[in-house]
Amino acid sequence: QVHLVESGGGLAQPGGSLRLSCVASGSIFSFNGMGWYRQAPGKERELVARILSGGSTNYADSVKGRFTISSENAKNTVSLQMNSLKPEDTAVYYCQLVLGVFVYWGQGTQVTVSS
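Residues are numbered in the working numbering as their position in the sequence shown, beginning at 1, plus a constant of 13.
In case anyone wonders, no lab produced these hints; they're calculated from the structure. Careful: at least some of the hints might be erroneous.
Restraint-style ranges between C-beta atoms, simulated for each label pair [unchecked claim]: (1) Gly113 with Ser83: 21 to 27 Å; (2) Gly28 with Gly113: 36 to 42 Å; (3) Gly67 with Ser40: 18 to 24 Å.
Think of the CB as a built atom: it goes at the ideal place given N, C-alpha and C, for glycine as much as any other residue.
Please put together the full structure from these sequences, using the hints given.
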């Protein structure tokens, strides 16, 4: 059984920063990739950023240059540093882990950007 636990969400002002972290526990020997998705009210869940086991990264165009994803493979942890936050970044952020053909999700953490 694999569990993902996110932390670090909350309220930030426009232009501010937040850091999200996700720790994966369970029978994990190696993973294909970990990433962050988000879902705003009334919208579909969308990819924010992901990092593959080899270290390559992908970002949504809307967050490039503002968000940075990183991982500590030995600790099965992925983090998302979010800078220059905008109100449109407001959403529930979900951690995702891909293990072979299996995809696991965290419970989500709320990020609200408002003055």
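Do the hints match the structure? See the list:
no. : hint                          : verdict
1   : Gly113 with Ser83: 21 to 27 Å : holds (23 Å)
2   : Gly28 with Gly113: 36 to 42 Å : holds (40 Å)
3   : Gly67 with Ser40: 18 to 24 Å  : holds (22 Å)
Every hint from the earlier list agrees with this structure, and none is contradicted.
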